[in-house]
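As you go down the protein sequences, you meet chains A and B in turn. This note's numbering puts the first residue of the first sequence at 1, with every later residue one more than the last. This note's numbering puts the first residue of the second sequence at 1, with every later residue one more than the last.
Think of the hints as simulated: they come from the structure by calculation, not from any bench. Computed from a predicted model, the values in this text were never measured in an experiment. A hint or two may mislead.
What the hints assert, rightly or not - The calculated PhoX-like cross-link candidates involving lysine-lysine, where the alpha carbons are at most 25 Å apart (straight line), are: (1) K52/B x K64/A; (2) K56/A x K81/B; (3) K56/A x K143/B; (4) K134/B x K64/A; (5) K81/B x K66/A; (6) K51/A x K195/B; (7) K143/B x K64/A; (8) K56/A x K55/B; (9) K176/A x K150/A; (10) K66/A x K55/B; (11) K98/A x K87/A; (12) K66/A x K58/B; (13) K58/B x K64/A; (14) K110/A x K98/A.
Unchecked claim - Some chain B residues judged to face chain A by a derived CB distance under 7 Å, without partners named: (15) L30; (16) C44; (17) I45; (18) A61; (19) E64; (20) T95.
For each residue, glycine too, the CB sits at the ideal point set by N, CA and C.
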Amino acid sequence: MNTLGFFTSTLGFLAQDAAQEVAENQDLVTIVPWTLIAQLCNLFIQLLLIKRFLFKPIREILEKRKAAADAAIGDAEKAKEEALSMKNSYETSIRSAKSEAGEIIANAQKNAASQSEAIIREANEQVVAMKAKAEKDIAQERRKAVNEVKDEIGSMAMEIAGKVIGREINEKDHAKLIDEFINNVGVES
Amino acid sequence: MDINIVGPKIYYEVPVDIPILGRFQITETLVVSWLVMLIITLLCIWLTHGLKVEKISKRQAFAEMLVEMADKFVIGNMGEKFRYFVPFVAALFATSLVSNLISLTGLRSPTADLNTEAAWAIVVFVLITAQKIKAGGVGGYLKGFTQPIALLTPFNILSELATPISLACRHFGNILSGVVINGLLYAALALASNKLLGLIPGAVGDLLSNVPILAIGVPAILSVYFDWFTGVMQAFIFCMLTTMYIANAAEE
Numbered sequence: 001m002n003t004l005g006f007f008t009s010t011l012g013f014l015a016q017d018a019a020q021e022v023a024e025n026q027d028l029v030t031i032v033p034w035t036l037i038a039q040l041c042n043l044f045i046q047l048l049l050i051k052r053f054l055f056k057p058i059r060e061i062l063e064k065r066k067a068a069a070d071a072a073i074g075d076a077e078k079a080k081e082e083a084l085s086m087k088n089s090y091e092t093s094i095r096s097a098k099s100e101a102g103e104i105i106a107n108a109q110k111n112a113a114s115q116s117e118a119i120i121r122e123a124n125e126q127v128v129a130m131k132a133k134a135e136k137d138i139a140q141e142r143r144k145a146v147n148e149v150k151d152e153i154g155s156m157a158m159e160i161a162g163k164v165i166g167r168e169i170n171e172k173d174h175a176k177l178i179d180e181f182i183n184n185v186g187v188e189s
Numbered sequence: 001m002d003i004n005i006v007g008p009k010i011y012y013e014v015p016v017d018i019p020i021l022g023r024f025q026i027t028e029t030l031v032v033s034w035l036v037m038l039i040i041t042l043l044c045i046w047l048t049h050g051l052k053v054e055k056i057s058k059r060q061a062f063a064e065m066l067v068e069m070a071d072k073f074v075i076g077n078m079g080e081k082f083r084y085f086v087p088f089v090a091a092l093f094a095t096s097l098v099s100n101l102i103s104l105t106g107l108r109s110p111t112a113d114l115n116t117e118a119a120w121a122i123v124v125f126v127l128i129t130a131q132k133i134k135a136g137g138v139g140g141y142l143k144g145f146t147q148p149i150a151l152l153t154p155f156n157i158l159s160e161l162a163t164p165i166s167l168a169c170r171h172f173g174n175i176l177s178g179v180v181i182n183g184l185l186y187a188a189l190a191l192a193s194n195k196l197l198g199l200i201p202g203a204v205g206d207l208l209s210n211v212p213i214l215a216i217g218v219p220a221i222l223s224v225y226f227d228w229f230t231g232v233m234q235a236f237i238f239c240m241l242t243t244m245y246i247a248n249a250a251e252e
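Use the sequences and the hints to build the structure in full.
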């Protein structure tokens, strides 16, 4: 109990003024009202001290950290939302671009189809027209050839006939006869 | 050999008699109590200086852990609505713990004086009663004594009073037993070393036999139980019962 010497000496000046110095021990098990009241006060003083010096600063710092964490989480959520909205806008733009491209391709295909159809139709028409023209030409040529041949044959026949009968047959007078002859030849040939 | 196990020393007595309360005495209990308060407060100040929000020191982590443990203990035992009891229970626990452990330094524990525990128990009793009155009103509180039948009223009053008395005496008894055992042990070890070293013949033996050589080391083993274990345990039990009693009182 030497450690208490310090306290004894500090309390010494009080003791000197005291009318009666006490140097005895309290009973081992007893209730001393004043000591009890003092200890009661001590407990409340301790309560205030611990509240002021431990709980208040620590609670403040915990509160601050919570606020900081909340702010960080809020920021992260905001960033996430922004990213999501950006993603959405990108997706919509990509989708619209895709549909546009599809449209363009479809249009092109349609155009190509119609164009090719038109070309084919035109070609067909041309072919038909050419064919018709060719046929017409051929027919004409043929008629022409036939007519020429007729004329040739007519004149040859008249020549032959003239030579045979010895006199020149008047073409005009016998045109009818010649035509008849040729037609008969044409049919038979 | 006389073994004297006595109460705390009285350093000074204010020579004024006050009716009923008697004289104010500055005893070992009070002086060590003030020392305990000083230690706790300085510890709190040391723990909480230079607090930071980020990149905290180990010291701050420990302080935060203490506060969170106190929160968890009180809220776990009493529920969220008793959050305001956290500093009280923490003060009770810290005071009790440091008071119990200060005996390790050779000082006399303030908790080895019934007045200390009685003061705490009175506070707890007042809190219990306040919670009961808050829960059921004054009428409900008084009516509670006649339950289940009026015949049991004296016993109910007794059991009500037994709560703080048992609370105080449990803590006090455990700490006092440590003091008594330690006193006996030191005396016994002094006697044993006296006899042992007295075997050395001549003046050397006479001189050495006054040194309680066995008192070095051996009491440390017992102190593990009587100071550390009992000290921590009793502080914990006291706070545990306090929270339980108050929470139960509010539920009734």
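We went through each hint and held it up to the structure:
| no. | hint | in the structure |
| --- | --- | --- |
| 1 | K52/B x K64/A | holds, 9 Å |
| 2 | K56/A x K81/B | holds, 19 Å |
| 3 | K56/A x K143/B | violated, 40 Å |
| 4 | K134/B x K64/A | violated, 34 Å |
| 5 | K81/B x K66/A | holds, 21 Å |
| 6 | K51/A x K195/B | violated, 53 Å |
| 7 | K143/B x K64/A | violated, 48 Å |
| 8 | K56/A x K55/B | holds, 20 Å |
| 9 | K176/A x K150/A | holds, 13 Å |
| 10 | K66/A x K55/B | holds, 14 Å |
| 11 | K98/A x K87/A | holds, 16 Å |
| 12 | K66/A x K58/B | holds, 19 Å |
| 13 | K58/B x K64/A | holds, 18 Å |
| 14 | K110/A x K98/A | holds, 18 Å |
| 15 | L30 | holds, 6 Å |
| 16 | C44 | holds, 4 Å |
| 17 | I45 | holds, 5 Å |
| 18 | A61 | violated, 11 Å |
| 19 | E64 | holds, 6 Å |
| 20 | T95 | holds, 5 Å |
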